[in-house]
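Read off the chains here:
There are 2 protein chains.
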Amino acid sequence: MDCDHIAIKLRYIGTAYHGWQRQKNAVTVQQIVERAVSGALGSEVKVTGCGRTDAGVHAKEYAANFSAKCSIPCEKLPLALNARLPDDVAVLDACRVSEGFHSVFSCVRKEYTYIIYNSRLRDPFYVNRACFIPEKLDIGLMRQAAAGMTGTHDFAALRSVGTNVKTTVRTVYGFDIQRSGDIIKLRISANGFLYNMARAMAGTAVYAGHGKIGPGEIEDILRSGNRCLAGPTMPADGLYMTRAEYEEEPVRSMMDGRG
Amino acid sequence: MDCDHIAIKLRYIGTAYHGWQRQKNAVTVQQIVERAVSGALGSEVKVTGCGRTDAGVHAKEYAANFSAKCSIPCEKLPLALNARLPDDVAVLDACRVSEGFHSVFSCVRKEYTYIIYNSRLRDPFYVNRACFIPEKLDIGLMRQAAAGMTGTHDFAALRSVGTNVKTTVRTVYGFDIQRSGDIIKLRISANGFLYNMARAMAGTAVYAGHGKIGPGEIEDILRSGNRCLAGPTMPADGLYMTRAEYEEEPVRSMMDGRG
Chain A
114 MDCDHIAIKL
124 RYIGTAYHGW
134 QRQKNAVTVQ
144 QIVERAVSGA
154 LGSEVKVTGC
164 GRTDAGVHAK
174 EYAANFSAKC
184 SIPCEKLPLA
194 LNARLPDDVA
204 VLDACRVSEG
214 FHSVFSCVRK
224 EYTYIIYNSR
234 LRDPFYVNRA
244 CFIPEKLDIG
254 LMRQAAAGMT
264 GTHDFAALRS
274 VGTNVKTTVR
284 TVYGFDIQRS
294 GDIIKLRISA
304 NGFLYNMARA
314 MAGTAVYAGH
324 GKIGPGEIED
334 ILRSGNRCLA
344 GPTMPADGLY
354 MTRAEYEEEP
364 VRSMMDGRG
Chain B
114 MDCDHIAIKL
124 RYIGTAYHGW
134 QRQKNAVTVQ
144 QIVERAVSGA
154 LGSEVKVTGC
164 GRTDAGVHAK
174 EYAANFSAKC
184 SIPCEKLPLA
194 LNARLPDDVA
204 VLDACRVSEG
214 FHSVFSCVRK
224 EYTYIIYNSR
234 LRDPFYVNRA
244 CFIPEKLDIG
254 LMRQAAAGMT
264 GTHDFAALRS
274 VGTNVKTTVR
284 TVYGFDIQRS
294 GDIIKLRISA
304 NGFLYNMARA
314 MAGTAVYAGH
324 GKIGPGEIED
334 ILRSGNRCLA
344 GPTMPADGLY
354 MTRAEYEEEP
364 VRSMMDGRG
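Those protein sequences? They're chains A and B, same order as listed.
Under this note's numbering, think of the first position of the first sequence as 114, with each following residue one higher.
Under this note's numbering, think of the first position of the second sequence as 114, with each following residue one higher.
Quick caveat, the hints were computed from the structure, so don't treat them as lab data.
Warning: the hint list may mix true and false statements.
What the hints assert, rightly or not - Below, computed lysine to aspartate or glutamate pairings styled on DMTMM-like, alpha-carbon distance capped at 20 Å:
no. : chain 1 : residue 1 : chain 2 : residue 2
1   : B       : K189      : B       : E147
2   : A       : K189      : B       : D251
3   : B       : K298      : B       : D251
4   : A       : K189      : B       : D236
5   : A       : K173      : B       : D251
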């Protein structure tokens with residue numbers, strides 16, 4: 114069969130889903146998207162996502178790809194698919210890709226953003242959309258800890274066990290922390306993330322902000338490879354996938370666009 | 114009984130509720146708040162709200178008051194009540210008021226904000242939080258129409274029938290329209306709002322933005338008192354109560370605070 118190879122840019126609220134990846138007894142984003150694509154194209158289509166986000170994790174920008182006979186032009190795909198998707202999942206854009214394109218393996222850089230609502234009282238509008246921390250956080254200490262987690266390191270101490278990976282070495286290109294009013298955003302970009310790595314890095318920065326971990330200890334924690342020495346895995350509802358970068362055009366431009 | 118008179122500042126997501134006002138067969142915000150206050154104070158307490166928001170309407174800042182024997186100091190009331198409230202309703206602040214204070218009758222000025230998500234494709238993060246309009250809107254025309262609705266007028270053409278009011282004359286102090294990216298905010302402040310008035314004003318501005326109503330027609334529409342000539346009552350999920358103002362201290366300061 115003559116196949117079309119297509120990449121799509123997605124946005125979703127993860128609250129109602131058990132993560133991205135297809136599961137037998139739980140509803141996942143992948144299932145929902147595969148059902149929409151299959152329905153629109155009239156054949157059973159498998160959709161590959163750029164990462165397994167966990168249950169409750171959101172995506173502002175998520176890339177996925179599929180190969181199938183597709184008679185709908187790319188510019189009309191978002192509307193055609195959105196008509197078949199629930200309100201909490203949307204396709205923002207679509208483009209053709211090469212046969213060899215793969216959302217995971219072709220990805221050169223990913224970014225996650227962890228959002229903390231840091232105020233004495235909780236705010237209904239941030240429930241399920243940010244992690245509520247009423248205690249004071251020292252942004253300066255958090256930034257120092259974040260700097261210690263930047264660079265190429267073995268991140269074994271900052272991930273959960275449970276997936277097979279060849280190496281636990283990753284390169285963190287940036288770990289930026291900004292406060293704006295009661296909102297603190299932790300933006301982490303890397304060439305790849307181990308299981309729960311973004312949430313463990315956020316938890317370690319939060320522990321530093323509470324003074325429970327000294328910024329100078331980060332180096333030792335990383336060297337130890339001991340998960341127990343680092344901060345906790347933060348709750349899923351504060352985590353957003355915010356970027357997936359590719360070198361191949363036009364996927365690169367599609368993911369760059371604000372669409 | 115020696116009573117304490119207390120005002121509270123509330124914030125809530127209206128999606129799960131049939132508006133503010135107590136109803137027999139539906140869950141409302143008033144019921145939820147009364148249950149929390151009664152539970153915390155150990156007696157049955159009636160809570161008066163500053164307005165009947167409709168089903169699905171949100172509140173960023175909402176004022177309510179009650180009279181009861183209250184042994185909890187005001188600064189501890191928010192935490193005590195929030196512990197008894199669901200995640201989508203929160204008390205932000207509390208203060209003592211005079212015996213004559215009444216959330217509705219003491220209110221000198223209210224503000225509603227209508228939020229439109231104006232983009233070709235819907236965004237999951239704005240579902241239930243804004244009204245999605247994919248068509249282009251001319252902000253200049255909307256602003257001209259808004260100016261026509263500002264001032265003291267008979268607003269009979271811009272409300273739904275269904276409540277008894279002595280007069281349909283109200284003074285709109287300001288109707289400000291701002292676009293920021295895909296978000297358009299319509300901020301309306303007035304000395305009072307008739308039933309569905311904010312949503313009818315928003316709908317009339319939207320019709321002007323689509324060119325369906327000329328800004329010059331607003332005067333005639335108001336003069337006619339004919340609801341059919343104005344724009345539609347916009348969906349509830351884009352509407353937020355954003356301000357309630359009082360002259361009595363310390364309520365005035367409490368509602369002014371960012372709390």
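Problem set entry | Satisfaction of hint between D251/B and K173/A, Cα-Cα up to 20 Å | Distance ~28 Å between K173/A and D251/B Cα, so the pair is violated.
Exercise. Given the hinted pair K298/B and D251/B, is their alpha-carbon gap at most 20 Å?
Worked result: Judged against 20 Å, a Cα distance of about 13 Å means the pair holds.
Exercise. CA of K189/B to CA of E147/B, is that 20 Å or under?
Worked result: 17 Å, holds
Exercise. Given the proposed pairing of K189/A with D236/B, does the C-alpha separation stay at or below 20 Å?
Worked result: 17 Å, holds
Exercise. Is K189/A close enough to D251/B, meaning Cα to Cα at most 20 Å?
Worked result: This hinted pair is violated, its Cα atoms lying about 25 Å apart.
Checked against the numbered hints listed earlier, the structure breaks hints 2, 5; every other hint is satisfied.
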